[in-house]
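Student: Take the two lone chains and join them into the complex the hints point to.
Just so you know, the protein sequences line up as chains A and B, in that order.
Heads up, the first sequence is in our numbering, so the first residue is 68 and it goes up one at a time.
Heads up, the second sequence is in our numbering, so the first residue is 24 and it goes up one at a time.
Do not take every clue at face value.
A short list of chain A residues far from chain B (calculated; beta carbon distances all over 12 Å) [claimed, not checked]:
| # | residue |
| --- | --- |
| 1 | Cys113 |
| 2 | His199 |
| 3 | Val200 |
Only pairs whose alpha carbons sit at most 25 Å apart, straight line, appear in this in silico PhoX-like list of lysine-lysine [said to hold, decoys possible]:
| # | chain 1 | residue 1 | chain 2 | residue 2 |
| --- | --- | --- | --- | --- |
| 4 | B | Lys171 | A | Lys163 |
| 5 | B | Lys171 | A | Lys173 |
| 6 | A | Lys173 | B | Lys25 |
| 7 | A | Lys163 | A | Lys173 |
| 8 | A | Lys86 | B | Lys149 |
| 9 | B | Lys171 | B | Lys141 |
Partial chain A-side listing against chain B, Cβ under 7 Å, derived [what the hints assert, rightly or not]:
| # | residue |
| --- | --- |
| 10 | Pro171 |
| 11 | Ser175 |
| 12 | Thr182 |
| 13 | Thr186 |
| 14 | Asp192 |
| 15 | Pro208 |
Just so you know, these hints were derived from the structure itself, not from any lab.
As the structure is a prediction and not an experimental result, all values here were calculated from the model.
C-beta atoms are modelled at their ideal positions from N, C-alpha and C, and glycine is treated no differently.
The lines below spell out each chain.
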Amino acid sequence: MRRIALFFSLLACDPVHSKEVSALPGEVPGVPHGPTHRPGQPCLLCHSGEFSVAGTVFADPNSVTAANGVSVSLLDSQGSSFVATTNEAGNFFVRKDEWEPIYPMKVSITSNGVTTPMTANVGRDGACASCHVDPVGPSSPGHVYVSIDGGTP
Amino acid sequence: MKLRAITCLLIMACTFPSSTDTNTVTTPDRATFPPVADLLGKRCGTLDCHGSAYRNLRVYGSLGLRLAPTDRPLSKGMTTPQEYDADFQSIVGLEPEIMTEVVTQGGASPDRLTFVRKARGTENHKGGSLMQAGDPEDACITSWLAGKTDVAVCTSATASAF
Chain A
68 MRRIALFFSL
78 LACDPVHSKE
88 VSALPGEVPG
98 VPHGPTHRPG
108 QPCLLCHSGE
118 FSVAGTVFAD
128 PNSVTAANGV
138 SVSLLDSQGS
148 SFVATTNEAG
158 NFFVRKDEWE
168 PIYPMKVSIT
178 SNGVTTPMTA
188 NVGRDGACAS
198 CHVDPVGPSS
208 PGHVYVSIDG
218 GTP
Chain B
24 MKLRAITCLL
34 IMACTFPSST
44 DTNTVTTPDR
54 ATFPPVADLL
64 GKRCGTLDCH
74 GSAYRNLRVY
84 GSLGLRLAPT
94 DRPLSKGMTT
104 PQEYDADFQS
114 IVGLEPEIMT
124 EVVTQGGASP
134 DRLTFVRKAR
144 GTENHKGGSL
154 MQAGDPEDAC
164 ITSWLAGKTD
174 VAVCTSATAS
184 AF
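One chain only, chain B, in its complex shape (with noise of 0.2 Å):
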């Protein structure tokens, strides 16, 4: 018994993935995002936050952290397209399977994703909750994935966000 089962788990690990193998991962809107973006890069991309070059959810945006070298932090210049694209990997490179699912089902459940839970508060987050189910910056995010994005929720919030 203790034999079978110590080859079994030889076999298993050294089992890997054919390097042919894909997933197929289903997105949120890239055309969409960049108020969204421009919402995450207020409150969550401070330098001192998921704008720091060390973070795995990294933030890049015109307040924050820049993506090109010659860009400077603060410059009170505009995100490039660039950093929006940087940002969207960010944010559905983070559990691309739970993001399928989330965005297939129209959005429902947006919870299911650390990032949403996290900016909530509803899981244990360094920067504390950040906004809260159903107010207008949460709006922004979760119309985002649920593919009907409110340009104008998110303007808004991003505005008047503290």
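Isolated chain A (complex conformation) (with noise of 0.2 Å):
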């Protein structure tokens, strides 16, 4: 216990995470701090300690309408899977003591019984926004969406 309210503490300390966090959009109002809250940010950020496992999905490339009811599916390097389901804010999460993988990772998403594989395998960052930042680019493919074209989510 009192290790981790160490950890808490030095964390709390740490400016590179702060000015990470606060480089972060703000709360959206009327969206209380919870499941739906912040959609399409690198939940681990903040989250590192209670989810191995979150981000969010969005219907299309070009908007960032959530899609609810996506199966993302996860597989890890040695054989063991997961599958987690978004809400309505197109936020999903893996809680660590429901599952922690351990890298590398395959993601695919499921929508509407069409199932999409993310491209490359996941190295080491349980966060989708780490990398699927907008706006798209050479170190970017954007943020995860379903499918609509036969493209990567």
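Tutor: Here it is as structure tokens:
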């Protein structure tokens, strides 16, 4: 217990972490702090203590309309798997006490019976939005979305 | 004694290499590097690892970080020749003197190279141990360092890698 308290005390004093958190867009008025808040943001930046994998799936590549009820299938390098489902904000999360991957990890999403695998593995970061950031560019494929044209999520 | 030591240190501190000094570096073969780079791209070059632009060993490729501003990660396209060049420079530029020794000695003791030790997990590596000495992925890399790139092993290792 004291160790946990010390961990959070140190985290609170980490200027790099504080800067990264403060650089995120803030809470949206009317959306309570909870499972539906801050869609599209790198969840584990704040929730690394409780979640192993977390992210947001949007409906298409050009908007941030949430994709509700999408199955996110995770398969780790040891053959262990877990399926999470997105909520009304498009968010999904896997609690550490439910499942923790041994990286690398494969990801696919299934919506309306169509499964789309991510082309590459996840190497070690369970927060989708650490890599899937907008805008699309040479270092980012953009936000995760339900495939509408055979493209990658 | 103390004064001499201080003078000596001051002189050393003011001694710079000549701008005309050069070092000769012997590198592994660039022509047979693409199948090695494809393996590195799949195993090391994801966007959250060495496919990050913020890493000192930066790996470009179609599955991760792209070199051209108009190219996109995960686009199922081909890794470009320019990206292979950049990957080659990333690898050979890490420890050029040690790389020269390994290559000129026919690939002997490749674990002198940090990137080999990191991949094998014999040196602390945030990405963990990705290959073991002698397994197909390791054999791909060490065959390249030895000047005898085993393209078949590289291709097979890339296809079967998780």
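Student: Next, verify each hint and record whether it holds.
Tutor: How the hints compare with the structure:
| no. | hint | in the structure |
| --- | --- | --- |
| 1 | Cys113 | holds, 17 Å |
| 2 | His199 | violated, 8 Å |
| 3 | Val200 | violated, 10 Å |
| 4 | B:Lys171 to A:Lys163 | violated, 45 Å |
| 5 | B:Lys171 to A:Lys173 | violated, 32 Å |
| 6 | A:Lys173 to B:Lys25 | violated, 62 Å |
| 7 | A:Lys163 to A:Lys173 | holds, 17 Å |
| 8 | A:Lys86 to B:Lys149 | holds, 23 Å |
| 9 | B:Lys171 to B:Lys141 | holds, 22 Å |
| 10 | Pro171 | holds, 6 Å |
| 11 | Ser175 | violated, 13 Å |
| 12 | Thr182 | violated, 16 Å |
| 13 | Thr186 | holds, 4 Å |
| 14 | Asp192 | holds, 4 Å |
| 15 | Pro208 | holds, 5 Å |
The structure shown violates the earlier hints numbered 2, 3, 4, 5, 6, 11, 12.
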